[in-house]
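> The chain contents come next:
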Amino acid sequence: MKAEEILQLGLADVARQIRHGALTSRAVTEAALDGLERRGPELNALARLHREEALAEAEACDRERARGSLRGPLHGVPLAHKDMYHRAGRLSEMGTRIYRGNIAQVTSTAVSKLDAAGAIDVGRLNMVEFALGVTGHNAHTGHPRNAWDPARVTGGSTSGGATAVAARLAFATLGSDTGGSIRVPASLCGIVGIKPTYGRVSRWGAMPLSFSLDHVGPLCRSSEDAALMLEAIAGHDPRDRSTSPRPVPRYRDALGPGLEQLRVGVVPPERYEFPLAPAVEKAFKDALDGLKALGARVEICEVPEFTPFNGLRRAILVAEIAALHRELVRTRRADYNQTTLSRMLPGFALDSADYLRALSARGPLTRSFCREVFSRCDVLALPTTPVPTPRIDETDTQGDSRYVEASNQLGSLIGPFNYTGLPAISTPMGFDDSGMPLGLQLVARPFAEALLLRTSHQFERATGWLERRPPGF
Amino acid sequence: MSGQSGDTKVLDIELPAEMVEVAKGLSRQVREATAELAFGAEPLDFLAALEEEGEPASAPGATQ
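Chains A and B supply the protein sequences, listed in that same order. Under the numbering used here, think of the first position of the first sequence as 341, with each following residue one higher. Under the numbering used here, think of the first position of the second sequence as 1007, with each following residue one higher.
Bound-form chain A, shown alone:
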């Protein structure tokens, strides 16, 4: 098989072919390295590759397989991740010149778990500075470019990862989601991204942004691939005390059953903080028709207003960022991107009592949200973003109020589920008139990732949106 053909395979497919000996890990890893090296720069997706180490590891995987030994379900599969997933002894620059040349001291749990599943770590992908921003801009690394239209943003903060997966330069990648950083780029780049329940995946050894809101999860080309990744990285970690002791489901086994009798609740438009753009509204209506055609019962579901949840999330976010960045802002302020500072600085002026009120209200508000909503539906459906993908130039405003407004708008349907910690997935639901993908967001009760993956998997099979590829890739 030619390298170009290998790169078109999905994660589950390529893992299967390596496992069965139809492809060698060496051939797949070489194809992934060459693809990222050749085309990663045109999308500003690539931070760095570890070619020699990756190829040596791939050859070791091939030798082990020849002896009949497999490391795990991702045996020999090359993956590249957001440049905030530390691996001891390797560069980890977190999208900022402040940490240029920084060598990681530890290996993050998510990366260790992927190692244990047999994946090969080939390098790191660009991201928004300190993962703070949903548009994808980063003046330090160059703005990553959307594979569907290089003049448009990728969404962020998993910017390089999302566009690399969309462009078939990576089979899957680790993202992080504090206020949309998995779901927004997945939506804008036409791929699948799942933010698991808070506590489902360990954050240990990944760069923290806001410890109360950070979630680790994968971005992939299908829900089947996401199930494979999530199964590999989920689970209790004594080094991250927020992780749940619950056993990890076999997500791949739960994809099969259809959606008959599934109760899908639709968030009434008046609950949104910003109105839906006409293209999003139309694609969303078509997506609901698609779910109905699969046998789901689709009904309006009264939910609490989103605006207060977004305010509570933003208060926690800026306060915790201020706590983490106080010394750096004091000593290296001129080295931050303006876009980062514009999101960060309000945290230094926030009243500590308000931060604690926002934090303390999470338990009661999450309970009441779950009881009110999930007594009436199994899955909540809404668009991932209320607007289509903006152009880079129209949102590259050096962090002024237009940038903040665009960011708040892009993340407005996302934030409530970081505050409540509920699992949420974004999967493609169509394209706008400019040919840019639009995302459908599905949300469920805590730890119901299997249900989300099943719903999106069935939707993907029925609609075929994932079969489209970005032009030229």
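These are calculated hints, taken from the structure and not from any lab test. All C-beta atoms in this analysis are idealised placements derived from N, C-alpha and C, irrespective of residue type, glycine included. Some hints could be false.
[Stated by the list, open to error] Listed below are several chain B residues computed to face chain A (Cβ distance under 7 Å; list not exhaustive):
#	residue
1	Val1016
2	Asp1018
3	Leu1021
4	Met1025
5	Val1028
6	Gln1035
7	Val1036
8	Ala1039
9	Thr1040
10	Pro1049
11	Asp1051
12	Leu1056
13	Glu1059
14	Gly1060
15	Glu1061
16	Ala1063
[What the hints assert, rightly or not] If you anchor each label on the Cβ, the simulated ranges turn out as follows:
#	chain 1	residue 1	chain 2	residue 2	range
17	B	Ala1044	A	Arg581	23 to 29 Å
18	B	Glu1058	A	Arg666	34 to 40 Å
19	A	Glu382	B	Glu1048	46 to 52 Å
20	B	Asp1013	A	Lys342	57 to 63 Å
Starting from the known structure of chain A, arrange chain B on it as the hints suggest.
Relative to chain A, chain B alone:
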């Protein structure tokens, strides 16, 4: 973004007036959103809420 009239300094960090206004707006939103809540919960109650409201671990096809 700094050095303008109306800027304030907090913890040795110069804050433009508009950033202070954003923080005030967030404080107002927090107070409104939490005004009706009876307190007594502490932040870790959130993890308990997720476990209590979560999918039963024995849901069909869900766990190994």
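> Hint by hint, where does the structure go against what was stated? Just the numbers, ascending.
Of the numbered hints given earlier, the structure breaks none, since each of them holds.
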